[in-house]
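Asks: Residue numbers (numbering that gives the first Met the number 0), protein chains in the order written: chain A, 0 to 305; chain B, 0 to 305.
If you're looking for bench data, these hints aren't it; they were derived computationally from the structure. Computed from a prediction, not measured in an experiment: that's the story for all the values here. Hints are not guaranteed to be accurate.
Since copy identity is lost for identical chains, a pair holds within one copy or between any two.
In silico PhoX-like cross-links for lysine-lysine, where the CA-CA straight-line distance does not exceed 25 Å [as the list claims (entries may be wrong)]:
hint, residue 1, residue 2
1, K11, K254
2, K52, K254
3, K52, K248
4, K28, K11
5, K52, K5
6, K28, K52
7, K248, K11
2 protein chains.
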Amino acid sequence: MRKGRKPLPLRKGDVIAVFAPAGPVDPGKLSRGIARLGRAGFVPEIADGVLEKDGYLAGSDAHRAGQANWAFFLPEARAAMAARGGFGTTRLLPLVDWGRFARRPRLVVGYSDVTAILSYLATHLGIPSIHGPMAAADMATRSDGPALTAFRRLASGEVSPRELWGFPCERLHGGAAEGILSGGCLSVLTSLLGTPFEPDFRGALLFLEDVGEPCYRIDRMLTQWIQAGRLRRIAGIVVGKMSPTGGEKEDDLRKVFAEAGRSISVPVWYGFPAGHAGPNYALPFGVRARIDGRGRLFLLESPVAG
Amino acid sequence: MRKGRKPLPLRKGDVIAVFAPAGPVDPGKLSRGIARLGRAGFVPEIADGVLEKDGYLAGSDAHRAGQANWAFFLPEARAAMAARGGFGTTRLLPLVDWGRFARRPRLVVGYSDVTAILSYLATHLGIPSIHGPMAAADMATRSDGPALTAFRRLASGEVSPRELWGFPCERLHGGAAEGILSGGCLSVLTSLLGTPFEPDFRGALLFLEDVGEPCYRIDRMLTQWIQAGRLRRIAGIVVGKMSPTGGEKEDDLRKVFAEAGRSISVPVWYGFPAGHAGPNYALPFGVRARIDGRGRLFLLESPVAG
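With the rest of the complex left out, here is chain A (with noise of 0.2 Å):
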């Protein structure tokens, strides 16, 4: 993978531009998110036009990538966090100018459907990110204080080296992993197979996770990635917490993943607890990482310059 700058670290005091790069943003849930940003010391500037709607867009592709270029390159602020997921983020990444970006990068906040752009950055340009809270989504409705300290941590660049990092996952094939880590909405990232942002995971210790897909889905896509010949080359799988729909049990889930990582001789690891399904603890993408033997993660660098 490509070796980009990292952004700097993020302060007490220092601004975060919200943008809504996906869906539609619900008033309620943004102004409680941005208050919640604001009491943890950080100071919240928010996107023109970030409530407007069309369909199941926040405005139309020129709008929201509008708000996208207005985070990434608004002077005065030190990252850039996403109201919310859904749908959008990919038909945005044409529109950004990236390589303005990659020569001043900021820490990009999300997860969910802005992996699109968190897996972008790590594997095309090589630059660090955090997949963790969202304004109007996470920051307003859950209240996982670990989780926001994770992120004000990690943000903050005071990660210790080789810090232990969440909690232990459970072994499902293989032992310990070492790699960059990455990755994150697994029907997301796998909308972008054959795209020119398609992500090249080559090498990285990748986290997957995601929410409402029944268990015959989260085959046919690891299928289809295993297939194209795009997972011959990571480290390992770090799967996020999930929770099975229907009548499908965790177990059902386990199987598909333990599968997967068997039929492709790679290290699967079970239940970082990142993602849609309980708490969302920051995860720094972009970085060096190590899962060991007992499925306990340690970062081996922080995301951003210090």
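Given chain A's structure and the hints, the job is docking chain B onto it.
Replies: Chain B alone, transformed into the frame defined by chain A:
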């Protein structure tokens, strides 16, 4: 697109081999469908272990591949009809001897998950097939006589040159278009992107339909195909009649497809009566067809030799 051999026609008294490449088969539906095939004058033969079940699959990959190979190579059979769709067909694609199939092709019949096979036959091997009824699905549960008659006429080669097929479609973008009919279930086709089985739709008159997918996912899939540059040289799109999910309307769907057509300057027509919703009027894949400026589809060749 490559030009391969055409299968032999399927006439009354001919054997149809029924196999389960994807999801587990309901015994009651299978017997109703088999009885109906018998009443239509065919001689259905059923694969060993067709009722096996392993979670969301009709048995292991090896077991389902065994059924497919049996159905494709059984000397006395003239056609191979899938029992049902679901998921699992893409996992079989590497386990079939396609070179052997291409030397003595037979009619393959199915839709939904089975379009993974049909699109491979049409665009990699140049072999026509029928997007049509499945033994333990619509053969058992739908009572659309005209759709069954359409299947019988196509399979036996009784179609007249330039015959008007199905019912006129509604214009969403552009005008007349002519190409090789192919396509199928959008989510299944999308799950082949980047794999060795990805259909090559250059020159195709692309039939698309799906079920249970909200508009944002249809948009996400079309965005992927377009960003991947894979729809650049298609002749046009014919969308099947679709049932919107949740609170969405058919107009929301029309908007998504119309916008895709505009963005790549390709004609788009909506509402052909085939697929998961309403009647599943049989369609030949891998043969030349034309949709005129009034949305009428004309078949320019027969899918069978003769």
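Asks: Now look at each hint and say whether the structure bears it out.
Replies: Each hint, compared with the structure:
Within a single copy, K11 and K254 get their C-alpha atoms no closer than 43 Å, and across copies no closer than 45 Å, so neither meets the 25 Å cut-off. With identical chains, the CA atoms of K52 and K254 are at most 25 Å apart between copies only, with a shortest distance of 16 Å across copies and 40 Å within one. In this assembly of identical chains, the alpha carbons of K52 and K248 lie at most 25 Å apart only when taken from different copies (17 Å versus 36 Å within one copy). Taking the shortest Cα distances, K28 and K11 sit within 25 Å of each other inside one copy (22 Å), while across copies they are farther apart (64 Å).
In this homomeric assembly, K52 and K5 never come within 25 Å of each other (Cα to Cα): the closest approach is 34 Å inside a single copy and 51 Å across copies. For the identical chains of this complex, K28 and K52 are intra-copy neighbours only, at 15 Å inside a copy versus 45 Å across copies, given an alpha-carbon limit of 25 Å. For a Cα distance limit of 25 Å, the shortest separation of K248 from K11 qualifies neither inside one copy, at 42 Å, nor across copies, at 47 Å.
The structure does not agree with the numbered hints 1, 5 and 7 stated previously, though it agrees with the rest.
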